[in-house]
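Asks: Each chain is listed here by its residues.
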Amino acid sequence: MEKFYGLILVFPLFGFLFNILVGRFIKHRWVSLVGTFSILASLILSLFAIAEVFSGKTIEYNIYIWIVSDDLKVSFGYLIDHLTAVMLFVVCFVGWLIHVYSVGYMYSDPGYARYFAYLNLFVFSMLMLVMSNNLLMLYFGWEAVGLCSYFLIGFWYQKKSASDAAKKAFIVNRIGDFGFALGIFLLFVNVYALNYTEIFQKIPELQGKTISILGLHVDLITTLALLLFCGAVGKSAQIPLYVWLPDAMEGPTPVSALIHAATMVTAGVFMVSRLNPLYNLSETALAVVATVGALTSFYAATIGSVQRDIKRIIAYSTISQIGYMFLGCGFAAYGAGVFHLYTHAFFKALLFLCAGSVMHAMAGELDIYKMGGLRKRMPITYITFFIAALTISGIPGLSGFFSKDEILWYAFASEKPYGKYLWFLGTLTATLTAFYTFRVLFLAFHGKFRGPEKIYTHIHESPPIMTIPLVVLALGSVVVGYFSVPHFLEPVVGEPVVSVPHEQERFVMLVSTIAAFAGVFIAWYMYILKPKVPEILASKFSGVYKVLWNKYYVDELYYWLFVKPTVWLADRFIERFTDIKIIEGIVNGVPNLIYRVGSWARNLQTGFLQQYAIFMIVGVIIFILLIVSL
Amino acid sequence: MHSEEVVYNGKIRLELKKNLIISLLVGVFIGGTIVLSGYAINGLKFPILSTLIFFPVIGAAFIAILPKEKEELIKFSALVISIFELILSLPLYLSFDKTTSQMQFREEYLWIPQWGIKYSLGVDGISVLFVLLSSLLTVLCVTVSWREIDKKIKEFYASILLTHTAMIGVFMSLDIFLFYIFWEAMLIPMYLIVGIWGGPRRIYSAIKFFIYTFVGSLFMLVGILVLFFYTGSSDILHLMRIHYPYKMQLWLFWAFFAAFAVKVPMWPLHTWLPDAHTEAPTAGSVILAGILIKMGAYGFLRFNLPMFPEATVNMKPFMMILSVIAIIYGALICLIQKDLKRLIAYSSVSHMGFVTLGIFALNQQGIQGGILQMLNHGVVTGALFLCVGMLYERAHTRLIAHYGGVATVMPAYSAFFMTFTLASLGLPGTNGFIGEFLILLGAFKAWKLMSVLAATALIIGAAYMLWLYQRVFFEKTNPEFLRHIHGYGDLNSREILTLLPLALAVVWIGFYPNALLGFMDVSVKELINHIVHIGAIR
Chain A
783 MEKFYGLILV FPLFGFLFNI LVGRFIKHRW VSLVGTFSIL ASLILSLFAI
833 AEVFSGKTIE YNIYIWIVSD DLKVSFGYLI DHLTAVMLFV VCFVGWLIHV
883 YSVGYMYSDP GYARYFAYLN LFVFSMLMLV MSNNLLMLYF GWEAVGLCSY
933 FLIGFWYQKK SASDAAKKAF IVNRIGDFGF ALGIFLLFVN VYALNYTEIF
983 QKIPELQGKT ISILGLHVDL ITTLALLLFC GAVGKSAQIP LYVWLPDAME
1033 GPTPVSALIH AATMVTAGVF MVSRLNPLYN LSETALAVVA TVGALTSFYA
1083 ATIGSVQRDI KRIIAYSTIS QIGYMFLGCG FAAYGAGVFH LYTHAFFKAL
1133 LFLCAGSVMH AMAGELDIYK MGGLRKRMPI TYITFFIAAL TISGIPGLSG
1183 FFSKDEILWY AFASEKPYGK YLWFLGTLTA TLTAFYTFRV LFLAFHGKFR
1233 GPEKIYTHIH ESPPIMTIPL VVLALGSVVV GYFSVPHFLE PVVGEPVVSV
1283 PHEQERFVML VSTIAAFAGV FIAWYMYILK PKVPEILASK FSGVYKVLWN
1333 KYYVDELYYW LFVKPTVWLA DRFIERFTDI KIIEGIVNGV PNLIYRVGSW
1383 ARNLQTGFLQ QYAIFMIVGV IIFILLIVSL
Chain B
33 MHSEEVVYNG KIRLELKKNL IISLLVGVFI GGTIVLSGYA INGLKFPILS
83 TLIFFPVIGA AFIAILPKEK EELIKFSALV ISIFELILSL PLYLSFDKTT
133 SQMQFREEYL WIPQWGIKYS LGVDGISVLF VLLSSLLTVL CVTVSWREID
183 KKIKEFYASI LLTHTAMIGV FMSLDIFLFY IFWEAMLIPM YLIVGIWGGP
233 RRIYSAIKFF IYTFVGSLFM LVGILVLFFY TGSSDILHLM RIHYPYKMQL
283 WLFWAFFAAF AVKVPMWPLH TWLPDAHTEA PTAGSVILAG ILIKMGAYGF
333 LRFNLPMFPE ATVNMKPFMM ILSVIAIIYG ALICLIQKDL KRLIAYSSVS
383 HMGFVTLGIF ALNQQGIQGG ILQMLNHGVV TGALFLCVGM LYERAHTRLI
433 AHYGGVATVM PAYSAFFMTF TLASLGLPGT NGFIGEFLIL LGAFKAWKLM
483 SVLAATALII GAAYMLWLYQ RVFFEKTNPE FLRHIHGYGD LNSREILTLL
533 PLALAVVWIG FYPNALLGFM DVSVKELINH IVHIGAIR
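Respectively, the protein sequence lines represent chains A and B. Heads up: take any position in the first sequence, counting from 1, add 782, and you land on the working numbering. Heads up: take any position in the second sequence, counting from 1, add 32, and you land on the working numbering.
Treat each hint with caution, since some may be false.
Covered stretches of chain B (chain A as the covering partner; in silico rule of three or more C-beta atoms under 8 Å from a C-beta of chain A) [stated by the list, open to error]: (1) 454-462; (2) 525-533.
The calculated lysine-lysine pairs, modelled on DSBU-like cross-linking and capped at a C-alpha distance of 30 Å, are [what the hints assert, rightly or not]: (3) B:Lys184 to B:Lys102; (4) A:Lys1346 to B:Lys370; (5) B:Lys102 to A:Lys855; (6) A:Lys941 to B:Lys184.
No lab work stands behind these hints, which were simulated from the structure alone. None of the values given here were measured: they were computed from a predicted structure. Ideal Cβ positions, reconstructed from N, Cα and C, are used throughout, including at glycine.
Hey, can you work out the whole structure from these sequences and the hints?
Replies: Shown next, in the form of structure tokens:
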């Protein structure tokens, strides 16, 4: 039976090939049938696999040997254990719902077949990423999802902003992957294996070893963990490589929901959890993971609080929520991190799809200040968005509450000295999260419509093919938290150490609940009760507001720090100076010199062929004698 | 406008008919070949290598006697000859014994008995794949030139076939003089291809190319003479087994280095390459990038490594540094190129830097990766030049700024170009990834810092290729471009058939690299053993 699970990968691949090759020439109906049913088939098959995992089995199977060279031997194989099972469910189920939603959302787009082809290819790549049984195949999936993300961000490639954003996403991800690749090399030259099982067996032997970097002796395991984490920072959009994700919102909204919220961007969390035996051995690496997570989480939330573009706000919220997941991983609470990944996939996909529904109704409008009062016109979208907002804010009883609380609890309960600080930062972020989500809700769905009257009359609820996925995801957001992922994952990722008595968990819960309600209340006060307040605040703290509105000027900073100097180096130094002046100067200079010497030596040129031949032979013989005599 | 359309339709019909005839003939040839390869497999000593070498020469002679006016006939015969040559070379792939590092398909005749110089041919796991690649690319060179070349057609196709002969001769020769003859012989048709059918600055570029390589080869000639007079033998296999004094090894290393480094080209001897690639006609660029520059790296593997192992081991750091400079330098300079062909030419400098980095890492992964990367580069850069040629045929400009939004007008073409772009930037699933991964891993084992520096090309490579793609294919369609492509649409069937084999090769090697790695495995192992063994004697 285990070899049939390879079909989970085959179905979406088939869907991709079908739609990219023949999709252009057939009716939309067939495109959508193949596109959605390929994912449904994967979903059904993966449910069987998950059932096997529940019965305590771990499925591992090698399809064929991919690369053999000397001591390197990598196979194409898959491993389905508890961690993969959770990811399989998320990718296939949420992925399938988003495919269904896309049938309605993209129907009138001329690139309909291309869209479904890419989306299927994405699911294939993502499944390969989570199902791989070795690090190189993980890297394969890792780069392949990046490629699909590139295709889909730049889906409307005629727009300059879209093609710019796609390119930026790919290159920024490549920067992270640079570290990731080096991590794989370093790991391989130390353990001579890339298969997870073998790696995990050999890793404990590396403890205490050091590696010399530019003369400094650094702990080997820490270096490894941090290099691999570079990849996660890029893919999961953490500081300092988060800059691509907000721009990625140029893609179609279902893409943002699937790739840039539910699945691909959380691959970093999956990777860190998968490699938990490595991370557990390095205190420093865990501290870095936790700190980066907490800082990113807070930082992105501050930016999200002042933006006006509905999709970008949700994008910053995604960055912030992934920060939470890393915060959990950084305290060795991988189960909690993946738990949040799992609940987040539902409520964040829902938020995006609701935003898509709104855009669908408003002819692509993104500015929440031009919306308002939509709840009367779009009741289903409103209610589902409301549920998602409650969930992400961490209102007790809903899934987001359970997973977020789990993370904050482990941060609080950790024996690490920085645990309490990061917990505090996390709680503060929870307030901001509730604030900016309800800010969107109040501005877009409540109050009066602020756009042109003409548009308002056209606003309508989306068709059932779009609203049904919304409802399903909303139900999911409510209930999925009752399945305790951390407990389920214990066989794979273990349980973190807790240094404070369990009674204090109530206190942590209480604080985060208060934090959440505080955020909701502030948003209600500022945008419903006293709508003048935001303007007054903005003008009073205009400096702070400007910095936040311009996203801390990080894009500009990177441009001046990296892009400009590189281009200058390439243009001025390498091409104009080295290539043209020096190398070409010498190359063209030598013949000139020869010419001058030649005109002096013209009297040697007698025109007698025999004489030339003698010169040549003498010359060659002298050269040969010279070398042989050495 | 109307009459133009009629002409165009007529052309399509003609092409369809032609395609039918071609496929018929191909069927006949395949039948014949099965018989021939049967001979080869059955060990009836069928001289397959000599056949491969001389068949195109005969073909070229045949083309030369055809009347000048019968253009279609000339093209058609060139195509048939090259396809037949490709089919003839298939037995090399099918009946090659992967378990031995010995030379296979050996042929040996005394040539100049007084000096013991032999006409000696053979292939091993390192060289056999290049013969196949060269045969494949020659076919594609013929099909891509179908409309591009409109003067001196006869001479052009004859030159292409002769270049192919000389190139595979280099890969098959087991005698240094024979090697040298093929090595130099290849310059002449190549010089003509660039100099006659090239772009506006073709004369300058052709002469530059000629002088650069010729000066390099002179040093090699001296080296060859030294080897010959020192040992009294010109047999490459024999020369490999001799242990030379260290100082002599060092001098000879540099003598051969001069010829090979110019060909590769290694930094800082690369400046002939952008000019030659840019000015050459499409087929010329494909041959240059696809096969010709591989001969340099092949020379390192055939001469420097096995014959001068101690010098090689001592020069390893230096060679690795030069390679890394080439990788980064070539990649950075790509960022600011304004000319499509020049950009791809400079990217060759960067990719060939990877090849030499792998070779001089002197371990199994590095060298296997290096050889694989040479094949990959032949496929991918060859394909990119083919693509650029097709675009040039339509719009008659190579400047990137004159394009934009091509994806809207030519979707199939854009898909092909994207495939090759991804292979060029080393995305997993394409052949480029396997090559670069093995090279970087090998280099990492040999010298970590160099591998780390070389890996930055992963980022810069993505930046210049994707930027190129964006400027040419994305955004609004350039009205200038639309005005130019009158009469042409997306790719026609001839062009699709030209690109398809290469695109399939990209994915095939990406998913199943063992098909090729298996060929070289034993030979490379033997080579490394040899270096270690002789190095240990010291």
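Asks: Hint check: Lys102 (chain B) vs Lys855 (chain A), CA-CA at most 30 Å. Holds or violated?
Replies: Violated, at about 55 Å.
Asks: Tell me if the straight-line CA distance from Lys1346 (chain A) to Lys370 (chain B) falls inside 30 Å.
Replies: holds (17 Å)
Asks: Compare the distance between the alpha carbons of Lys184 (chain B) and Lys102 (chain B) with 30 Å, and conclude whether the hinted pair is satisfied.
Replies: holds (12 Å)
Asks: Verify this for me: three or more residues of the region 454-462 of chain B with a beta carbon less than 8 Å from a beta carbon of chain A.
Replies: Since 4 is at least three, the answer is holds.
Asks: Under 8 Å between beta-carbons, do enough residues of the region 525-533 of chain B, three at least, approach chain A for the coverage claim to hold?
Replies: violated (count 0)
Asks: Regarding the pair Lys941 (chain A) and Lys184 (chain B), is the alpha-carbon distance no greater than 30 Å?
Replies: Roughly 45 Å between the alpha carbons, so the hint for Lys941 (chain A) and Lys184 (chain B) is violated.
Checked against the numbered hints listed earlier, the structure breaks hints 2, 5 and 6; every other hint is satisfied.
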